[in-house]
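Can you build the whole structure from these sequences, using the hints too?
Which chain is which? The protein sequence lines are A and B, in order.
For what it's worth, this note's numbering labels the leading residue of the first sequence as 43, then goes sequentially.
For what it's worth, this note's numbering labels the leading residue of the second sequence as 691, then goes sequentially.
Among these hints, one or two may not hold up.
Said to hold, decoys possible - The calculated SDA-like cross-link candidates involving lysine to any residue, where the alpha carbons are at most 25 Å apart (straight line), are:
id, chain 1, residue 1, chain 2, residue 2
1, B, Lys953, B, Pro929
2, B, Lys818, B, Arg842
3, A, Lys256, B, Val731
4, A, Lys240, A, Ala251
5, B, Lys734, A, Ala237
6, B, Lys818, A, Asp184
7, B, Lys734, A, Val231
8, A, Lys240, B, Ala822
9, B, Lys818, A, Ala185
10, B, Lys734, A, Leu227
11, B, Lys734, A, Pro279
12, A, Lys134, A, Phe312
13, B, Lys818, A, Gly277
14, A, Lys240, A, Arg267
15, A, Lys121, A, Arg309
16, B, Lys734, A, Gln244
17, B, Lys734, A, Gly277
18, B, Lys734, A, Arg241
19, A, Lys240, B, Pro785
20, B, Lys734, A, Met285
21, A, Lys134, A, Phe57
22, B, Lys734, A, Phe225
23, A, Lys256, B, Pro738
24, B, Lys734, A, Ala79
25, B, Lys818, A, His276
26, A, Lys240, B, Lys734
27, B, Lys734, A, Phe242
28, A, Lys121, A, Ala298
29, B, Lys734, A, Tyr260
It is worth saying that the hints were derived from the structure and are not from the lab.
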Amino acid sequence: MRTARAAGIVAIAVFRESVRDKIFYNLVLFAVLLVGASVLIGQLTAGQDVKIIKDLGLSATSVFGVFVAIFVGISLVSKEVDRRSVYPLLAKPIRRSELIAGKYAGLLLTLLLNTAVMTIALYTVLFFLSRGVPENIQHAWDAPALDPALLKAIALIYVDVAVVTAVALFFSSYSSPMLSAVFTLGVYVVGQFNADLKRFDQIVSAPAAAIIAKTAYYVLPDFSRFDVKLAVVHGVPVSGAYMTSAVLYALAYIAALLFGAMAIFSRRDFK
Amino acid sequence: MNTIAAALCLAAAVALHAFADRWAPPPSVDAPALLYVRSAVVAKRVAPGHAGLAADVYWIRTLQHFGQERLAPPGHVRNYSLLYPLLDLTTTLDPYFSIAYRFGAIFLGEPYPDGPGRPDLAIALLRKGLAAQPGKWQYMQDLGFVYYWHLRDYKAAAEAFQRASQMPGAPNWLRPLAAVTLAEGGHRTASRAMWEQLAQADEEWLRGAAQLRLAQLDAMDTMDGWRRARAAGANPPLPSDPSGTPFVIDPASGDITVARESKLFPLPGQLQAPR
Chain A
43 MRTARAAGIV AIAVFRESVR DKIFYNLVLF AVLLVGASVL IGQLTAGQDV KIIKDLGLSA
103 TSVFGVFVAI FVGISLVSKE VDRRSVYPLL AKPIRRSELI AGKYAGLLLT LLLNTAVMTI
163 ALYTVLFFLS RGVPENIQHA WDAPALDPAL LKAIALIYVD VAVVTAVALF FSSYSSPMLS
223 AVFTLGVYVV GQFNADLKRF DQIVSAPAAA IIAKTAYYVL PDFSRFDVKL AVVHGVPVSG
283 AYMTSAVLYA LAYIAALLFG AMAIFSRRDF K
Chain B
691 MNTIAAALCL AAAVALHAFA DRWAPPPSVD APALLYVRSA VVAKRVAPGH AGLAADVYWI
751 RTLQHFGQER LAPPGHVRNY SLLYPLLDLT TTLDPYFSIA YRFGAIFLGE PYPDGPGRPD
811 LAIALLRKGL AAQPGKWQYM QDLGFVYYWH LRDYKAAAEA FQRASQMPGA PNWLRPLAAV
871 TLAEGGHRTA SRAMWEQLAQ ADEEWLRGAA QLRLAQLDAM DTMDGWRRAR AAGANPPLPS
931 DPSGTPFVID PASGDITVAR ESKLFPLPGQ LQAPR
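Set out below in structure tokens:
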């Protein structure tokens, strides 16, 4: 109970800091991108504007989220160390593990609000885009414009971003912001192509290399599991079992990273 | 002071830009369009997790490429060589992109100079779509259209329409379309078998259409009999068609045909010969 309270106080402080750092300005860019695209796309796409706005909205939600997660996540801990504000912070009745958990929860809260506003903006643009389109044309679309299934893709984007945040925080707990950014971005890119590592034995003959690749496949986060954008846009059903397994996988991975970050941060010597 | 200077310099740049556009335009080069990334696998790697958006970008490029070539000024030699690679990229990045398969097949099949005149590639694209979505009757219908319109292969077209009609969710007008296509291609026996089956359908309009088409096939048989008798040197009288209206001689061709007043007019392929 005490731990949750302490982490909660840190989380709220991180959220307030995000507001002060004008992180939510990215929402303005997102809105301009969507509204601008919705005006232009109709002229360029031979009637595929709703599909393209869905693609664009989901991709932008993902890209903006990942960028915020990486570039804010990497400085969560290192900023405190660089500014030396970590000393008075640790002098307070708060454990190092609580600080890590609070920092993570705070950024997650920021990202939740960010994603929620982007979702509302996307649905609003889709509503205006589909308004007045004849019934027979709407019937030919793969999925309705205001398809609730879009929320599944957005939920998994949020889960994806939560894992990226955990990765960034993990590296941030012992490395400089620059290196943390490089490592996190590297893990994110490799995680996108994780399926290739699984099939590595089909292209190399050395068994050792195949074993290393397969180990990397299981150890590194598989970010492609959180990508159902294409399926949702085309109205292909995404099962509850798939969603549950993806979320459980993410939770396990996030827990592993956070415990790892807590272990490293607890042993760090700030003298 | 600096703000005013900056504003003035920007205004000067804008004015110079406008002036240059009007009085010193850049040299016009009719250079062929280029496609830097031809491999869909590479394109997927470049945009991990955003294949749908990458497909949209290639789709817009496809439309621009087709439009630019088709609407090019008369002096320009139209070149649609990038059309299929662009469509292939689009549909590999997003295998469910229906409109790319369907419009793409239309673009590819268009004869030169309005299109590349490559119905073979249109068929390849639609078959790729069917491999990705085997239950999509629209692709099979489009395949039938390419065979019918561009290749004049009525048997293959009818087969495609027939297979499309058997797919889940297919509209019921596809079944008669297969039979009509067979009749137009001269495959009367197969067409008759199909219509006889349709004459047992639950839908009243379909039964009515099937009766009419069967009567038309009977009329075509009667006309053939009359032609054979004429070819053998006889001078048979003009019979009546199954609706009771006497056949007439077409003044243009001198051949027997159904009268315009007949309920059976026009026979398959009579009103306008398919291209």
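The hints, checked one at a time:
no. : hint                : result
1   : B:Lys953 / B:Pro929 : holds (15 Å)
2   : B:Lys818 / B:Arg842 : holds (22 Å)
3   : A:Lys256 / B:Val731 : holds (22 Å)
4   : A:Lys240 / A:Ala251 : holds (11 Å)
5   : B:Lys734 / A:Ala237 : holds (13 Å)
6   : B:Lys818 / A:Asp184 : holds (18 Å)
7   : B:Lys734 / A:Val231 : holds (13 Å)
8   : A:Lys240 / B:Ala822 : holds (23 Å)
9   : B:Lys818 / A:Ala185 : holds (22 Å)
10  : B:Lys734 / A:Leu227 : holds (18 Å)
11  : B:Lys734 / A:Pro279 : holds (23 Å)
12  : A:Lys134 / A:Phe312 : holds (15 Å)
13  : B:Lys818 / A:Gly277 : holds (20 Å)
14  : A:Lys240 / A:Arg267 : holds (14 Å)
15  : A:Lys121 / A:Arg309 : holds (18 Å)
16  : B:Lys734 / A:Gln244 : holds (20 Å)
17  : B:Lys734 / A:Gly277 : holds (21 Å)
18  : B:Lys734 / A:Arg241 : holds (17 Å)
19  : A:Lys240 / B:Pro785 : holds (23 Å)
20  : B:Lys734 / A:Met285 : holds (24 Å)
21  : A:Lys134 / A:Phe57  : holds (20 Å)
22  : B:Lys734 / A:Phe225 : holds (22 Å)
23  : A:Lys256 / B:Pro738 : holds (20 Å)
24  : B:Lys734 / A:Ala79  : holds (22 Å)
25  : B:Lys818 / A:His276 : holds (17 Å)
26  : A:Lys240 / B:Lys734 : holds (18 Å)
27  : B:Lys734 / A:Phe242 : holds (18 Å)
28  : A:Lys121 / A:Ala298 : holds (23 Å)
29  : B:Lys734 / A:Tyr260 : holds (22 Å)
In terms of the numbered hints stated before, the structure departs from none.
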